[in-house]
Amino acid sequence: MNFDVISPKTTPELLNAIYDNQSKNFRIGAGFTDLINQFKAQETEGLILINLAQLTEVDFKKISENEINFQIGALTTASELIDNKSIKENFPVLYQAANKLASTQIRNVATVGGNICNVSPSGDMTAALIALKATCHIIDCDGNERKELLSSFIRGLKKTSLTKKELIKNITIPKNFSKNIKSGYEKVGSRKSMEIAIVSLAYHLQMDDKGVITYAGVACGAVAPTIPFTTSACEFLTGKNINDISDSEKEEFAKRVLSYANPISDIRASDWYRKEVLFNISKTIFER
Amino acid sequence: MILTFKINGEWVTQEIKPSLLLIDLIRDVLQLKGTKPGCLEGECGACSVIVNGDAINSCMYLAINVDGKEVTTIEGLENNENPLHQVQEKMLEHGAVQCGFCSPGMVMTTKAYSDKCIAEGITPTREEVKKSLEGNLCRCTGYAKIIDAAEAVYK
Ligand SMILES: Cc1cc2nc3c(=O)[nH]c(=O)nc-3n(C[C@H](O)[C@H](O)[C@H](O)COP(=O)(O)OP(=O)(O)OC[C@H]3O[C@@H](n4cnc5c(N)ncnc54)[C@H](O)[C@@H]3O)c2cc1C
Ligand code: FES
Ligand code: FES
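These protein sequence lines are chains A and B, in that order. Residue numbering for the first sequence follows our numbering, starting at 161 and increasing by one per position. Residue numbering for the second sequence follows our numbering, starting at 22 and increasing by one per position.
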């Protein structure tokens, strides 16, 4: 590896660095747990790295809340999410996804923004954020800002809507309107630790005080080029009472989740195995 | 690029190449060979060191990003009164070291975790101790003794 590094401390310095290097070959890095392996596999002579790790701007780093949503800075690490009591309490799906990512050593540096922008179909925090209908807040080096729903921000395998001028500043998640939630992240790998998901399922359900499902967010990872939000499965659940969902309804829900899966066979699992697992874990979320 | 940071309690200033990895700064520039290069891909934990209290993989970390921070390697655990840290003593007592290649990483990860638990007044369960070591691989011991040792730190 042989690249040059710019380490901005403030947002103006960051935006200037992006602006000044538009005609050059540059990359943005945060925790580097994906980038270092990429850099090792390519020629990095002449590459400029814009290093976000020394940025001191709170908007990129803090977890905060207002009346309508939670805001999570793009540079928040998986460990910081896990240690945040409000996240654990309100969004178990996100807590569990962050906690099932790699190892302590990786979680201590891996950022939310990096997980999203690496656009892997098995990105754990990304799957949880899609189930939570998160929105990306994006800034560019001309001073513009825009927002986009995470599920549409991801455009395909390794593709996002980001231009060369842009980066993610933070992510917002709408607050729960009910305290009655069923939320979790199922990750299936070939072993328990340090495993990229073979299949994952992120689910976040909100019920009224009688148990009627008023919000359903379900996304599945590692079974398609992107992480789909399973709209038809979510619509099927909405309005049903969580306490009396019949076996045939559970099967119908799982079938609908499965309709979003278009997995590949690779060294980790066959497409057949991935579909079987997805169907089975989808059926069992009501038992958890 | 000029880097100023604390290594094992001492501030140092060092000129480095911007793309240098932390593991290479530690082993090749500072000649501290206790931090081990295993997979060099973030999988095995042999290269674990502590940066500002957190265990990280030094093979997946840019040296420039320790600027202004405090880095502890296995060499930094020794002091005049105690040549071995408590975690190291427990590893010896429980026979948790065979070839020893994974041991510095195991010790650093366990130290970072136990410092946090002790600060928060928590005694972790065996499952939690196991989880804290999920990023450290060992080819020799079969883990049981390492986990016994890590658990004994709280007794
Ligand atoms: C051993 C190992 C195990 C792993 N296991 C898992 C796992 O179990 N689950 C999982 O999901 N991932 C896993 N990963 C992948 C990785 O750790 C995560 O994707 C992590 O969240 C990436 O974050 P980062 O900050 O390190 O990203 P970086 O490597 O810094 O960046 C990744 C990409 O995002 C871009 N980027 C970063 N921040 C921004 C931003 N704010 N705006 C725009 N672009 C940005 C970068 O340009 C780059 O393209 C693993 C990696 C390793 C090495
Ligand atoms: S050498 Fe760094 S994790 Fe294996
Ligand atoms: S003791 Fe040999 S690798 Fe762990």
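None of these hints come from the bench; they were simulated from the model. Careful: at least some of the hints might be erroneous.
Footprint (simulated), chain B over chain A, 3 or more residues, beta carbon under 8 Å [claimed, not checked]:
id: 1; stretch: 192–201
id: 2; stretch: 225–235
id: 3; stretch: 259–268
id: 4; stretch: 370–381
Derived contacts from chain A toward chain B, CB cut-off under 10 Å, selection only [to be verified]:
id: 5; residue: M161
id: 6; residue: K184
id: 7; residue: N185
id: 8; residue: I188
id: 9; residue: S239
id: 10; residue: N244
id: 11; residue: P252
id: 12; residue: S350
id: 13; residue: M354
All values reported here derive from a predicted model rather than from experimental measurement. Note that beta-carbon positions come from the ideal geometry of N, C-alpha and C, so glycine has one too.
Checked hints:
| no. | hint | verdict |
| --- | --- | --- |
| 1 | 192–201 | holds (count 5) |
| 2 | 225–235 | violated (count 0) |
| 3 | 259–268 | holds (count 6) |
| 4 | 370–381 | violated (count 0) |
| 5 | M161 | 4 Å, holds |
| 6 | K184 | 15 Å, violated |
| 7 | N185 | 14 Å, violated |
| 8 | I188 | 13 Å, violated |
| 9 | S239 | 7 Å, holds |
| 10 | N244 | 15 Å, violated |
| 11 | P252 | 17 Å, violated |
| 12 | S350 | 14 Å, violated |
| 13 | M354 | 6 Å, holds |
In summary, the structure is inconsistent with hints 2, 4, 6, 7, 8, 10, 11 and 12 from the numbered list given earlier, while agreeing with the others.
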